[in-house]
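Colleague: All chains should be built: construct the whole structure from the sequences, respecting the hints.
So the sequence shown is numbered by my numbering: it starts at 6 and just counts up by one.
Keep in mind that a hint or two might mislead.
[What the hints assert, rightly or not] BS3-like cross-link-like pairs, simulated, lysine-lysine; straight-line CA separation at most 30 Å:
1. 17 to 161
2. 239 to 262
3. 239 to 12
4. 96 to 239
5. 96 to 206
6. 96 to 63
7. 247 to 17
8. 185 to 63
9. 12 to 72
10. 185 to 42
11. 96 to 256
Quick caveat, the hints were computed from the structure, so don't treat them as lab data.
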Amino acid sequence: MEFQKVKVAVRKRIATITVANPPANALNRQTLEELSKVIERVAGDDNIQVIILTGEGKFFIAGAEIKEFTTIEYSQQGEELSKYGQNLFTKIEQLSKPVIAMINGACLGGGLELAMACHVRVAAYSAKIGLPELNLGLIPGYGGTQRLARLTNREKAIELILSSDIIDGEEAHLIGLVSKAVALEELEATVTALAEKITAKSLLTIRAALSAVERGCVEGQEKGLQREAELFGKLFESKDTKEGIQAFLEKRRPIFKDQ
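Modeller: Right, here's the structure in full:
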């Protein structure tokens, strides 16, 4: 299946998904639909262990396709669009494979909402990051009001949303919105190194760790601890856990087979 707005490249168990909708990689309906299909494809491929999400050219994703908003006349239409984006981004957030957002440029509105749904965010110092929807007489509609408060804090999220302020990658790192900020020329190498470090682990343990973290974030620490204990115990029945323990005792690198 060929896509017009999204590109996929796979190397060393790492799938790089690039949104390519010039000039600003806007998230119009076609781009969202293609992104959904690509995510489903790579999620179901056992040869892929880590996903990198980025944008083509100088932009990450500069937001939604504003021209499409002019066709919305009724509240039901707007709500349906919001729920479509929310459902897609929640699907990304709940993937059993880690998704790393490589924020190479403008990451605004729906672009930031997409990045916040990824498990890890790494940004260039020069990236422009924000939720400027209130300038359009709107609010963030793809989960931004919820995830920004969770990733930073309630006060900072309200400040950024109500002011529509745009921050750079360095400030985003200082407030905990991205896990790391680096020079633009170092961004790809930094993200690739992180992805390769993750691919050295067993896919079983990656899935278990993501599941435990997600359960705690969504349902609270008590449920998260229950899930952690359940998965911790279950892993002892796997070949990879036995291999990891034995390799440690023998002072060698483990050879995981995702079993």
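Colleague: Give me the numbers of the hints this structure contradicts, sorted from smallest to largest.
Modeller: 1, 3 and 11
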